[in-house]
Amino acid sequence: MNTKQTEIIVGLFVAAGLAALFMLAMKVSNLNIYSQDEGYEVEAHFDDVSGLKVRSAVTMAGVRIGQVSAIIFDPQTFEAVVKMRIESRYNTLPKDTSASILTAGLLGEKYIGLEAGGDEENLKDKDRIKLTQDSLVLEKLISRFVDKFVDSGDKK
Amino acid sequence: MVLDLIQELGHKGLKFFQRLGRASILIGHILLSIPAMLPRVALLVQQIFSVGVLSLLIILVSGLFVGMVLGLQGYNTLVDFGSEEALGVMVALSLVRELGPVVAALLFAGRAGSALTAEIGLMKATEQLSAMEMMAVDPIQRVLTPRFLAGFISMPLLAAIFSAVGVIGGYFVGVGLLGVDDGAYWSQMQAKVDLYDDIYNGVIKSIVFGGVVTWIAVFEGYDAVPTSEGVSRATTRTVVHSSLAVLGLDFILTAIMF
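Here the protein sequences line up with chains S and L, keeping their order. Per the numbering used here, the first sequence runs over residues 735 to 890. Per the numbering used here, the second sequence runs over residues 1439 to 1696.
Isolated chain S (complex conformation) (with noise of 0.2 Å):
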């Protein structure tokens, strides 16, 4: 076999090798979620965000449109400060969008899941969403159940 075609070949070799890290890292894993445009900032206060976690998921309406870039915690109000980047396409969504933390099935991850308001104004670079909604414990719910429980069985 000549030089000529030895060298064809290993340039192949190596493209084939380039070609499939570069489908390890598009297709497999997440760079083209975040890889894209940098989006606009917003963030809001939620009491309890347990199970959230950096770059969990923010949808509305199911579909994905952003992702959580950084869970702070406030020491002056000791809530929780999520602050999400939301795609820059996205950017009509109403001032008045609620945002409330949310459970994909039974035992999923927990994810933002944004309703929109009825505001003539959008959400800009920065803003705060006012009303949130706790994420649900599970542990929480069980006592507050048991407690009615308890107590309407004492009225009895």
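Keep in mind that the hints were calculated from the coordinates and are not lab data. Be aware that one or more of the hints could be misleading.
Coverage of chain L stretches by chain S, computed from C-beta distances (three or more under 8 Å per stretch; other residues unrestricted) [stated by the list, open to error]:
1. 1471-1484
2. 1487-1501
3. 1593-1607
4. 1615-1629
Ideal Cβ positions, reconstructed from N, Cα and C, are used throughout, including at glycine.
Fit chain L to the supplied structure of chain S, relying on the hints for placement.
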């Protein structure tokens, strides 16, 4: 009697450290002669061909089958929990993090490492290396360095090809055969597989394995007893030692990375 045992142990230990020392000197020599090697691309291309391209077929076929088996096994387990949509995540994570680099490195040691050792060992046995020295050509620079570099470059590429083909094999079985939802397979994969944590670390693993496997192969060939028996032993040692080194290093790297 007891003294003999202790002496034997000491002898083994000393021999081990002698070999390790020779191997370290060799790798230092190889690394130092890389700059002198770089202008001679043709040598490197020739070696990438025999080390990388000729290993491609076995990597492709085993990658496909490993992915398909992961798809089948994963489906059977996940369907019990009603979460067969997570099949894509399972296949991709196991391939990218572990199976891609490790299995590709084991196959690489068997296919390319043994060939390297046999070639260099035979060159030594037929005194081709000494002949080079007589002609004032440094055999390490001329013979060993391009082979080492070729292994170092080929291994990450082969591991990436292995993982990519495996993901596609899992797709064939999971989506094509068993009826997992097409969109769920890819979207769950993209949601859970992280570029830095998973893919970069997998690539780093394969680079380390590539370096270690070719280092062992080149050293065993260069250090072989120059007889036919010596070369055959060196070839066996290459496969055994590099497989053990890959598995041991894999544990250490995994403990550090994840």
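A quick look at each hint next to the structure:
For the segment 1471-1484 of chain L, the assignment as covered by chain S holds, since 3 residues bring a beta-carbon within under 8 Å of that chain's beta-carbons and 3 suffice. With a cut-off of 8 Å between beta carbons, the segment 1487-1501 of chain L has 4 residues touching chain S; three or more are needed, and the interface restraint holds. Figure legend: the segment 1593-1607 of chain L, annotated as covered by chain S; annotation consistent (9 residues with Cβ-Cβ distances under 8 Å, at least 3 required). Counting residues of the segment 1615-1629 of chain L whose beta-carbon sits less than 8 Å from any beta-carbon of chain S gives 4, enough to reach three: the coverage restraint holds.
Every hint, counting from the list given before, is met by this structure.
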